[in-house]
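Novice: With these hints in hand, go ahead and build the complete structure from the sequences.
Protein chains: 4
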Amino acid sequence: MLRVGIVGVSGYTGVELARILSRHPEVEISIATSRQFEGKHLGDVYPNLRGCLDITCENPAPAALADRADFFFTAVPHQTAMEIVPSLIAAGKKVVDLSADYRIRDLAVYEQWYQRHTSGELIGETVYGLSELYRDSIKNARLVANPGCYPTSVILGLAPLLREKLIDPSTIIVDAKSGASGAGRSANIATLFCEVADGFRAYKTGGTHRHIPEMEQELTVLADTPVTISFTPHLLPITRGILSTMYAKLTTDISREKVQALYEQNYGDEYFIRLCPGDTVPATQHVRGSNFCDIGISFDERAGRIIVFSAIDNIVKGAAGQAVQNMNLMNGFAEDTGLRGASLFP
Amino acid sequence: MLRVGIVGVSGYTGVELARILSRHPEVEISIATSRQFEGKHLGDVYPNLRGCLDITCENPAPAALADRADFFFTAVPHQTAMEIVPSLIAAGKKVVDLSADYRIRDLAVYEQWYQRHTSGELIGETVYGLSELYRDSIKNARLVANPGCYPTSVILGLAPLLREKLIDPSTIIVDAKSGASGAGRSANIATLFCEVADGFRAYKTGGTHRHIPEMEQELTVLADTPVTISFTPHLLPITRGILSTMYAKLTTDISREKVQALYEQNYGDEYFIRLCPGDTVPATQHVRGSNFCDIGISFDERAGRIIVFSAIDNIVKGAAGQAVQNMNLMNGFAEDTGLRGASLFP
Amino acid sequence: MLRVGIVGVSGYTGVELARILSRHPEVEISIATSRQFEGKHLGDVYPNLRGCLDITCENPAPAALADRADFFFTAVPHQTAMEIVPSLIAAGKKVVDLSADYRIRDLAVYEQWYQRHTSGELIGETVYGLSELYRDSIKNARLVANPGCYPTSVILGLAPLLREKLIDPSTIIVDAKSGASGAGRSANIATLFCEVADGFRAYKTGGTHRHIPEMEQELTVLADTPVTISFTPHLLPITRGILSTMYAKLTTDISREKVQALYEQNYGDEYFIRLCPGDTVPATQHVRGSNFCDIGISFDERAGRIIVFSAIDNIVKGAAGQAVQNMNLMNGFAEDTGLRGASLFP
Amino acid sequence: MLRVGIVGVSGYTGVELARILSRHPEVEISIATSRQFEGKHLGDVYPNLRGCLDITCENPAPAALADRADFFFTAVPHQTAMEIVPSLIAAGKKVVDLSADYRIRDLAVYEQWYQRHTSGELIGETVYGLSELYRDSIKNARLVANPGCYPTSVILGLAPLLREKLIDPSTIIVDAKSGASGAGRSANIATLFCEVADGFRAYKTGGTHRHIPEMEQELTVLADTPVTISFTPHLLPITRGILSTMYAKLTTDISREKVQALYEQNYGDEYFIRLCPGDTVPATQHVRGSNFCDIGISFDERAGRIIVFSAIDNIVKGAAGQAVQNMNLMNGFAEDTGLRGASLFP
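Those protein sequence lines, which keep their order, are chains A, B, C and D. Numbers in my numbering are just positions in the first sequence, counted from 1, shifted up by 10. Numbers in my numbering are just positions in the second sequence, counted from 1, shifted up by 10. Numbers in my numbering are just positions in the third sequence, counted from 1, shifted up by 10. Numbers in my numbering are just positions in the fourth sequence, counted from 1, shifted up by 10.
Bear in mind the hints are in silico, worked out from the structure with no lab data behind them. From a predicted model like this one, the values you see are computed outputs, not experimental measurements. Among the hints, erroneous ones may be present.
Copies of the same chain look alike in the list, so a pair counts if it fits in one copy or across any two.
[Stated by the list, open to error] In silico SDA-like links for lysine to any residue, alpha-carbon gap of 20 angstroms or less:
id, residue 1, residue 2
1, K214, D54
2, K149, N341
3, K259, V237
4, K104, K149
Specialist: Laid out in structure tokens, this is it:
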């Protein structure tokens, strides 16, 4: 049994890690930390977990943390992550970091969008943890930067088109919509039930969302040419789920069938990517609670656009699920261990 | 008191007409028809109206209908509308038709997207009822074709940019999201609570939604050049509200402030159009139950796009409210009669 | 025009007062206070109000407040209210207080459930503002204590039965359910969208909710004998609305029809109380945004219980709407001024 | 591997059976029937299941059905069930019937609440499938009648109190609330998103819900004296979940702690029953997607009532999950096989 630690267990991502790991046959959670709930049983903080795991939140001194597990998930805010990760790596542990701190390979870009980086020396060896794209590197990594939720849906959705240079990168528009769990579990008027329910709006408009440099970095790798996207996130009155609607101009005269075949060729062996047949499109409620990314393709021939729809559960494939998928790869477990199972619908 | 008839009162649009007209000081509802609920009191079909109006649904013979009111709203499906409207016009009545039957000026286009038209002779005199754009013509019209819900939000959102030729029409992408009331009140598995709640998906993708020719007709008039848009509608788990997110490339180097000033110049005198100040954007929950169209503008300078957000309540400004606004214009009432009042939030 | 002040305009109740008063023909809002948003335009805090009223939040010194209006609504938390109300009364102003501070006639009971009272001398003259029950006294009052939301639904629901001694007061069970707006607009993890949506639970169980003494006080007056109820509130994943389901044993063998007739006799002239016909029962969505209280009666003959259902919008009839109804009574306006109009459905 | 058949796989209960069985290590689904979707892949009817199971809906002739599996779940409406079950039993198969047809032991009572029974001869041997109460009989049964959703929550909630005669059976009030999935997946105006969302109401009031005789039958067994309850169901704007709030008078002076201890003694060994500690109460969102029944107890000392709260997921513990639990018992599998795992929250 791999002894696993969750640093920051009391947020929505941390607790989802606990939920997934509680039914993972190869691991045991040997420590779970929370400053806010130190000493409390996790089942008292999240009654849905009661009876399913036996975890008491701890808050050990930083120096004492590394010994408590063989493998760590750091599910804390950016900037806090970089205070913790280096010492874990130095102690010889493997880490999947779920913050943004190690996702950006160009330090200058990171510091432009976030703040000063204090452990830039680790960036070079960090692997970007989009499991389907970096599988081999992830297997050998000490430190994996788990992708952001929006980037996961967007990069998986566009990868086949960019790799084959089928779309003009300068025409990419991403209109993305996320459920409220993406905002985390902190007290905030903007995410109160009465502010979100029965409503819909955009936020962080005008190309200001911090997931943009992360997406552009990976889309640029795939396209082998610099990619700039226009990205606009919206807040959905749902708990879990992201749907990204992506528009681009095709560079060549290709049929819908050939594009569908291309996606099947790229993703046919990927258990966690499901292609929608024919003219159907994905829905967030059909990936709820699962690690699937559902992708659908539509051709708008009148307007000369291809439209790709990509749906994930933002706290599973967009966070905790993909983190476990990466942990499986890093430890030689079957990649889907603890992650199989249909979405919960209705 | 103007005697007003509502043909098709039992759908969500019809009943919203009844709700709005029940507090309109210049009119009385002299007849309201419903095949399904003939003989029933409207307050028994919609208990929210109980005590607020005294209407019994009727189903008169077509020939007997015209005499029952001086002014008619036809809130029935397309194709049904064209069976009723001609006789009302022939009887000298004024009509606001809320179906799609008279919105398209080019009969061939109508018949391509819908079906054969049986009263094409009325198309020539019909005025497209986007009140803010066709105010003067509406005042003198006998027949007004009330715009579709999506077109209302999209055309109002883009009009200033197209008039001034500030955007490239070939780059327009419209990512639109609507609440479930847009699907009407018919029994349908796809709009059951359990299918829609806590979820999100696109529908009628690939440029197939029937509001497209209507939008392109009006955008073409505004741009004075043929406009083709890429339009993708999505279904929100909310009851009322449309948010359209519209992307385009600017044709000229203009500042955000100048664009904001242009919108203020275009819409500053319009009571029902509210411009979001600064970097703020509209939200459907802030127009719920009102006849407002809230518009916000965002510049994505990195990606070279202007993004316009337009929010309406789909059954008020997107249907019944705008219909009453048109009725006011056609009868010399103050344009906002019966339509003032803040949105309901929370 | 009556100059009206709203003390505490930035909570959900305060802003609903502003919304209702903005279309009231007899009043103008001469001051609206908010500590948190001092200097901000209310339309920037609540964009749904933009264009509908012109109010800037102020935070005047207590001594300067009274001069700013002729009539005041105090929509602040209990304990804060009693710091403000006495000086307004002393300055000769009329006040409707929406807190709990003046609802309980027995100071000892108030102090047992809340905390020490600092202006007990005003209790004697305060009128409990359940408009339908205390109409005449309200007309002559200087200070009206606006009822709590749950009490409004419960007292109106049970009044006819208790007055006629048709039910055994010792058997009353009230199972009440409220939307999340009842919790107010303060940042709180328990009322985040993700905690409330798609869920349901009870809270303040075991007879601990502070509305209990208020309900028992009024039910005791109606029954003319001490009444103790078992009251359990629940949190609904809706924004607005309370449904109270009330169970009791009949003391006599009376038919359902006679009870229905009794309610019609009691409430037939009340515009804001609507009795559900036959076997139908009220729904919160049918009172949303309106000042109505919908009441339905059911007989469970097998189990020997009468069940009364009472639905209100908790921030209209349960707070701001009833407060305006009381203001109308206190100033000789027609009781329904500014409050007519159907509920918003769907 | 046990070959299992699902008769009626396309309703919400049938598809939940498929979802649960798809990860059950001891069974394979050898046939799944649906009249409506004959020939369609289940993953096309329910895209959440795509990639997780390989089932094509069939509609075999009744005579050919029995051979297709060794064990059957009949998830069809009452009256349809009794047309299918007898032939399966006659063919030597074991059956869990999820309809109401075999739940009522007294044929006269069944026929009074439902309609004529055509296979009354099976009633005598049928075991009522509330797993925690009838475990030993279920193990040896050929035919198990899976309990209704409301009865599961109510009977489990009250059993300890009735067995110990701690409450007066004549005082039991059950105020129950269910999510919309309980209404099934048939096209119906009353369960459209727009009719249910942001609202709340009671239905089948006055002691008319057909789950009442089933509950009274089992409560009577537990109490060893005839029990009549007053039961009122309500419709919640959520997808999954039932919360039953149950009120009764204690017959003896007993402390809250002793009652809590009694529940722990009754249910301490039951994996699927979780007792809420201290003053906490259950929430439907904490059992979503799981087979748990969460129970909380509250004492209202002022009003002399004990209040029991019982929460389940209506289509798991209230239907498909409990059916699998019974299948496990009937086949010698560990009772929790395929059913472990925490609820999905948020």
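Novice: Quick one: K104 to K149, C-alpha cut-off 20 angstroms, is that within a copy, between copies, both, or neither?
Specialist: within (11 angstroms within a copy, 47 angstroms between copies)
Novice: Regarding K149 and N341, is the shortest C-alpha distance of 20 angstroms or less found within a copy, between copies, in both, or in neither?
Specialist: Answer is within; shortest intra-copy Cα gap is 7 angstroms, inter-copy 41 angstroms.
Novice: When no copy is specified for K259 and V237, does a C-alpha distance of 20 angstroms or less occur within a copy, between copies, both, or neither?
Specialist: For K259 and V237, the Cα distance is within 20 angstroms both inside one copy (14 angstroms) and across copies (17 angstroms).
Novice: For K214 and D54, with the copy left unspecified, which applies at a CA distance of at most 20 angstroms: within, between, both, or neither?
Specialist: between (34 angstroms within a copy, 18 angstroms between copies)
Against the hints set out earlier in the document, no violation occurs for any number.
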